[in-house]
Amino acid sequence: MKDAVGAWRCLVIEDDEENANYIARELQELGYQTQIGRDGPSGLQLASTANWDVIILDRMLPDEVDGLSILTTLRGLGNKTPVLVLSALSALDQRVRGLKAGGDDYLTKPFAISELAARTEALIRRSSSAAENRKLEIADLTLDLASRRVERAGRLITLQPREFRLLAYFMMNPDRVLTRTMLLEAVWDYRFDPQTNVIDVHVSRLRGKLEADGECPLIHTERGTGYRMTADLQSNRKK
Amino acid sequence: MTGNTGSMHRPWRSVGFRLAFYYGLLLIITMIVTISIIYMQTVGVLYQGMTRQVLTVSQKLTTRFENGGPQALIQDIKRELGDDQNSGTELFLYVDSTRAKLAGNLDQPPTKVDGLRGGDHRLMRRRGQEISGYVIARSLSDGSQLFVGNDLHDQEAMDSLVTRGIALACAVAFVLLIGGLFVFRQELDRSVEPIRRTLTRVAAGEIKERVEPMGKEDEFALLANDINSMLDRIEALMSGVRNVSDTIAHNLRTPLTRILLRLRTAAEDASVSAIEKKHIDDAIADIEELTLVFEKLLQIVEAEAGARRIDFQPLSLSSVVNEVVDFYEAVAEVQQAKLAFTSAENCTVMGDPDLLAGAIANLVDNALKYGGIGTEVRLKIEVTPDRVLLTIEDNGPGIPGQELKKLGTRFFRLDRSTAGHGLGLASVVAMVSLHSGRISFDSAMPGLKVLLEFPRHLP
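For the protein sequence lines, the chains are V and Y, in the order given. Heads up: the first sequence begins at 1 in this note's numbering, then just goes up one per residue. Heads up: the second sequence begins at 1 in this note's numbering, then just goes up one per residue.
Since the hints were derived computationally from the structure, they do not count as laboratory data. Don't take each hint at face value.
Stated by the list, open to error - The calculated lysine-lysine pairs, modelled on DSBU-like cross-linking and capped at a C-alpha distance of 35 Å, are:
{"no.": "1", "chain 1": "Y", "residue 1": "78", "chain 2": "Y", "residue 2": "60"}
{"no.": "2", "chain 1": "Y", "residue 1": "338", "chain 2": "V", "residue 2": "209"}
{"no.": "3", "chain 1": "Y", "residue 1": "296", "chain 2": "V", "residue 2": "80"}
Using the sequences and the accompanying hints, generate a full structural model.
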């Protein structure tokens with residue numbers, strides 16, 4: 001669905017001008033084409049008339065419009081564009097969970113732009129990815145989802161079930177930044193915020209098993225954000 | 001919610017049953033009193049009249065003997081037996097000193113004569129027939145003996161009539177009592193049930209539920225009205241809290257986002273010097289910290305307002321704890337600590353798996369963090385008929401006794417030198433109470449022991 005230039009098209013529906021502009025600018029830097037809707041009616045109009053790869057939707061819009069009602073209307077029209085909901089409401093809000101079940105994602109304000117970018121990309125990939133590949137490969141590492149076999153350069157790697165899920169999630173999202181919260185949600189299905197660096201410990205354990213023979217690292221730390229699995233350290237690094 | 005079916009299994013706990021029981025008891029007592037009076041007034045009076053009559057006749061005959069001798073007495077007895085008056089029931093016997101019968105309708109003197117001076121009951125024979133009667137014995141001056149008495153046949157007939165009446169009345173009363181039990185129970189249940197149903201749902205988070213008007217003006221209708229106005233008030237208070245927290249959330253988060261985004265833009269600017277960048281990064285860290293505090297506080301307030309109880313589902317506490325233990329196993333390994341978990345079966349509770357996992361993770365996290373290298377954290381689930389108990393115990397330094405009480409209060413921190421806000425345990429407390437549970441802290445000698453109690457969900 002990329003346009004002529006090959007950029008992803010993203011619609012930002014957010015009434016706070018500064019936030020909207022900032023999000024749009026950051027996404028543009030990442031190669032997106034963006035447009036901004038300032039309120040409910042115009043947002044809905046934009047969302048339903050043009051073809052988008054992803055929509056970023058604020059929950060609290062002017063005139064007491066709840067962003068979720070726009071989402072409901074869109075879905076009612078048969079529009080399946082992935083939507084990332086920005087919520088200023090607390091994480092305890094029950095409706096947020098329903099969102100997740102509907103295949104969309106949400107993010108609580110204030111957020112880090114890197115988190116927003118990572119989640120937006122994950123949403124687009126999820127909706128465009130073809131049938132799940134049963135066999136994943138990165139460099140000399142292979143993972144078979146069906147037989148649950150993991151090998152690196154022919155060496156069999158034994159993993160705990162969680163480690164397997166963690167690795168599978170990494171391998172299904174190659175070359176992409178995965179934040180700690182994304183890992184926590186995808187692998188453990190938790191939405192709370194663990195105080196200690198539990199995720200880091202799990203990742204480093206997994207790394208230890210993957211690189212036991214002094215092979216080159218595949219999971220790289222993205223400072224302040226999360227992790228990225230990539231075969232080639234030189235390319236793909238943005239900053 | 002355990003009382004729900006309790007009244008069925010333990011009838012004594014039902015007010016309806018007790019009321020009906022007291023009502024029945026009262027009924028029976030009233031009946032016994034009434035019947036006793038009737039009995040005294042009929043059978044008793046008749047009996048007294050009969051004994052008086054027997055006494056009078058025996059006195060009359062004794063006087064006759066004293067004045068006219070044995071012949072006059074025999075004549076009198078014959079006349080008495082000859083007249084129609086009471087001749088069917090009157091008993092006479094006159095025997096001489098050798099106990100030979102001189103006159104009368106009894107075949108032989110009754111037994112145990114000594115006990116008959118004042119009159120008593122005896123079994124006797126009258127013209128070959130055995131009868132029971134009341135009889136008085138009199139010894140006369142020439143050694144002969146006179147027995148005067150009365151057949152008890154009528155008395156007994158009357159007696160059994162009244163007794164049958166009483167038995168019948170008792171049976172009727174018993175049936176009424178049983179019927180009363182059901183009617184009372186049903187009437188009460190019918191009035192109380194809608195109230196209970198509504199309150200159970202409200203307790204489960206459906207704060208908009210109201211007791212349906214009963215269309216009557218009785219005590220229960222009044223009670224229902226009172227409950228409804230109380231619920232209105234609670235709902236207003238709760239939505240007040242929600243509104244305030246939503247507004248705070250929106251009005252603070254949006255500008256916070258803006259500030260953060262601005263600072264990050266500034267930090268990425270190439271012209272910023274290293275020192276400036278450090279200041280900006282510090283400011284960002286501070287704001288992120290602030291956001292965290294704010295998030296936790298809001299979460300506590302919302303949990304306390306019972307905002308998310310509607311989402312609750314039955315879940316096994318054991319599997320929630322198991323996953324948390326699994327999650328922290330790696331951390332424990334790194335610091336050479338041990339995590340042990342034992343669980344009882346059937347530990348289902350109503351709850352939100354994520355919130356519960358968050359609260360338990362917080363406690364495990366604390367235990368590992370404060371326990372330090374090589375600490376041992378033991379988690380244990382036990383069940384009682386209506387509760388599920390989770391104990392989390394470590395052998396770390398623990399907490400001084402006088403500080404134990406303050407644990408879990410907002411912003412309380414034992415050690416001000418370590419990082420933190422004193423909201424972690426407060427949010428655990430809020431989550432536990434959102435799940436209608438209880439939390440208590442105790443010393444594990446050494447170490448800290450945290451006990452969580454949740455109502456057990458029975459399918």
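Taking the hints in turn, this is what the structure says about them:
1. 78/Y x 60/Y: holds (14 Å)
2. 338/Y x 209/V: holds (21 Å)
3. 296/Y x 80/V: holds (34 Å)
In terms of the numbered hints stated before, the structure departs from none.
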